[in-house]
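Colleague: Sequence:
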Amino acid sequence: MLENKPYAQHVSKRMLDFCAAATPWSRRLWRLGALLEIDELIEAAQARHESALSEGSLKYFRQSLAPRVRRDLGLGSEARRGQIITYVNRAFVPKSHDSEALTLLNSESRQAYLANWAGAVAGEDVPPEVVARAATSHLLDQGYSSQFIHKWLTYHIRYRADQLSLSDLFDEAHSLSLRPKVNYQVLVPVDAMPALPAERESCWLSPTETAQWLDEWFPLVQHPRQSGGLLLDIQSRDVYSLQADVKTWLERLSSRFRVGTRERLEFHSQFFMLGEPEPVSYLPGPRRVQVLSLEKTAEIFRLRLAPQIDAALEILEPLDRGPAVPALAGSWAAIESLLVGPGDADNRVVAATRMAQIVGCSYVGSELLALSDAYASSMTDDLARQLRAMRDGKLRASAFETALRNDATLNMPALRHMAALERMKELIADPAKILPRIVQQLEDAFRRLYRQRNLIVHAGRTSSVAMSGTLRTVAPLVGAGIDRIVHASVTEHKDPLMLTATTAVRLAQAQQGASELFAEMLG
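Be aware that the sequence shown starts at 1, since it is given in my numbering, and climbs by one per residue.
Simulated from the structure, these hints should not be mistaken for lab results. Do not take every clue at face value.
[To be verified] Here are the simulated DSS-like cross-link-like pairs (lysine-lysine), alpha carbons at most 25 Å apart as the crow flies:
hint: 1; residue 1: 247; residue 2: 394
hint: 2; residue 1: 425; residue 2: 5
hint: 3; residue 1: 59; residue 2: 151
hint: 4; residue 1: 59; residue 2: 5
hint: 5; residue 1: 181; residue 2: 5
hint: 6; residue 1: 181; residue 2: 247
hint: 7; residue 1: 494; residue 2: 59
hint: 8; residue 1: 181; residue 2: 151
hint: 9; residue 1: 13; residue 2: 425
hint: 10; residue 1: 151; residue 2: 13
hint: 11; residue 1: 394; residue 2: 425
[As the list claims (entries may be wrong)] Here are the simulated distance ranges between beta carbons:
hint: 12; residue 1: 505; residue 2: 345; range: 47 to 55 Å
hint: 13; residue 1: 223; residue 2: 283; range: 32 to 40 Å
hint: 14; residue 1: 347; residue 2: 90; range: 34 to 42 Å
hint: 15; residue 1: 261; residue 2: 395; range: 55 to 63 Å
hint: 16; residue 1: 275; residue 2: 520; range: 27 to 35 Å
hint: 17; residue 1: 124; residue 2: 377; range: 28 to 36 Å
hint: 18; residue 1: 345; residue 2: 24; range: 30 to 38 Å
hint: 19; residue 1: 283; residue 2: 313; range: 58 to 66 Å
hint: 20; residue 1: 408; residue 2: 280; range: 49 to 57 Å
hint: 21; residue 1: 505; residue 2: 239; range: 45 to 53 Å
hint: 22; residue 1: 274; residue 2: 20; range: 27 to 35 Å
hint: 23; residue 1: 304; residue 2: 86; range: 49 to 57 Å
hint: 24; residue 1: 249; residue 2: 24; range: 25 to 33 Å
hint: 25; residue 1: 201; residue 2: 124; range: 52 to 60 Å
Source: prediction; values computed, not measured. Using N, Cα and C, we set each Cβ at its ideal position, and we do this for glycine too.
Construct the complete structure from the given sequences, taking the supplied hints into account.
Modeller: Spelled out as structure tokens, the structure:
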């Protein structure tokens, strides 16, 4: 198991948090790893060459990526990071000398990324939050599922027989990151499909062939009624990633058949995988797009909301469980429809800035409320009793923030809450530094969504290198922002642009120290 040192426990706990399904949006990963962002930059340069992205979009990307490369110790020595930054900052074109050099540097860095971090964490001088974010992002960007990484970490941290240092854990993670993908063979029964042609690819099985395959490999399992089967050989990182890969294949084929024939192609909801005793579902879990203001205010039962809100919610729906392409395109369309107004026609990316400001304010309020609730449930002092007596969440958050401002020694037993508490202490101590950093990270995420949308709409790309990572990181943030917009609409009758104006003013005041309480920034 992992050594019981505060630094190691802090890093490992945050890594587990980043992979847990129940972790709230405010404590999840908002960005991709540095290596994948460099890959994305190389792809974006190609898109710029094809006029799918603007020069301004690419310039912003380079300027936001360079400081991150400079700080990321996983990329190697200071000299090596400086070499990478040199090429990141250049306006290279596809297949050019600079593009090939950056590709080579990134490929080499990938081979040593977590090994470099294993050496860096030995000194315990890098903030644990930075370490946890870098390592977890890298493993997820390599194609591992959050479920698999959570189980892998849990075993090494809690159940492994020998003791590990944090450096040892990162060495193990480095080995994991370099493993080749696993070959899986799966059969997806088909509930309905057109008659198979006489000459076809061997992956399409007739009903008889499907039954024979199931009889051979799954003789003890009840077989579904079927009209044939699709036999796929897929390379994936783990079983959970395989489920997502199977889903992607089936969505692609289903889309083709919907527009290419009048006959139906319908797949069974489960597939059979060699090595697994029972069939496995490929139906997706939610991406945690939560707009709970409707439920909390009972507005969800109203036939008509404000037209902007109604339209945005309708086109946002695929983001939670739908296919990647409509999820990305629709979610940006929802944001743009709400946050672009008069005078913004030539600057539609301003919606990313405004959404970042809204979510930034919500982040502070959400964390203070979560901390106040955690304190009330885990402590027994006067403050805890006072918080338990308060029914209104905003009042609890404000009361807790006031107590924190008056007593910076407040603490809680749970490490996950202590980490969040330290972040709030840093914010209170230096809002002029921390608030812009929060909003900047969020704007980077929403601009990534805008770039992915443009790759789909203007370049017809449906499988960009950052598509999966964008959905993983940005979907909960979109939900948080839309939730705040809906709440302002249904409870205060405040339209989205009025809300964005309010957030811009309140954030500026908070950075200048003119705001009394962060918990009340949005009223």
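Colleague: Are the hints correct? Go through all of them and say.
Modeller: Each hint tested on the structure:
1. In summary, the hint linking residue 247 to residue 394 is not supported, as the alpha carbons are separated by about 41 Å, beyond the 25 Å threshold.
2. Between residue 425 and residue 5 the alpha-carbon distance is near 22 Å, which keeps this suggested pair within the 25 Å criterion.
3. With a C-alpha separation of about 39 Å, the suggested pair residue 59 and residue 151 falls outside the 25 Å cut-off, and the hint is violated.
4. Restraint check: the Cα-Cα separation between residue 59 and residue 5 comes to about 42 Å, which exceeds 25 Å; the hinted pair is violated.
5. Using a Cα cut-off of 25 Å, the hinted pair residue 181 and residue 5 is violated, with the two alpha carbons roughly 33 Å apart.
6. Between residue 181 and residue 247, the direct Cα distance comes to roughly 18 Å. Compliance with the 25 Å bound is thereby established for this hinted pair.
7. As the CA atoms of residue 494 and residue 59 are separated by approximately 34 Å, the hinted pair breaks the 25 Å bound.
8. Between residue 181 and residue 151, the direct Cα distance comes to roughly 18 Å. Compliance with the 25 Å bound is thereby established for this hinted pair.
9. Restraint check for residue 13 and residue 425: satisfied, since their Cα atoms lie roughly 19 Å apart, inside the 25 Å limit.
10. This hinted pair checks out: residue 151 and residue 13 have alpha carbons roughly 13 Å apart, not beyond 25 Å.
11. Using a Cα cut-off of 25 Å, the hinted pair residue 394 and residue 425 holds, with the two alpha carbons roughly 19 Å apart.
12. Remark: the range hint 47 to 55 Å for residue 505 to residue 345 is contradicted by a beta-carbon distance near 23 Å.
13. Roughly 19 Å separates the CB atoms of residue 223 and residue 283, a value that falls outside the hinted 32 to 40 Å.
14. Here the CB-CB span from residue 347 to residue 90 is close to 26 Å, at odds with the stated 34 to 42 Å.
15. Between residue 261 and residue 395 the beta carbons are some 60 Å apart, a value that agrees with the proposed interval 55 to 63 Å.
16. About 55 Å separates the C-beta atoms of residue 275 and residue 520, a value inconsistent with the hinted range of 27 to 35 Å.
17. Checked against the given bound of 28 to 36 Å, the beta carbons of residue 124 and residue 377, roughly 31 Å apart, stay inside it.
18. For residue 345 paired with residue 24, a C-beta distance near 36 Å keeps the hint of 30 to 38 Å intact.
19. Distance hint check: the CB atoms of residue 283 and residue 313 are about 22 Å apart, inconsistent with the given range 58 to 66 Å.
20. Our hint of 49 to 57 Å for residue 408 and residue 280 holds, since their Cβ atoms are close to 50 Å apart.
21. Restraint check, residue 505 to residue 239: a C-beta distance of roughly 49 Å satisfies the suggested window 45 to 53 Å.
22. Our hint of 27 to 35 Å for residue 274 and residue 20 holds, since their Cβ atoms are close to 30 Å apart.
23. At roughly 56 Å, the beta carbons of residue 304 and residue 86 sit within the given window of 49 to 57 Å.
24. Look at residue 249 against residue 24: about 32 Å separates their beta carbons, and that is inside 25 to 33 Å.
25. For residue 201 and residue 124, the Cβ-Cβ distance of about 55 Å falls inside the hinted range of 52 to 60 Å, so the restraint holds.
When held up to the earlier numbered hints, the structure conflicts with 1, 3, 4, 5, 7, 12, 13, 14, 16, 19 and fits the remainder.
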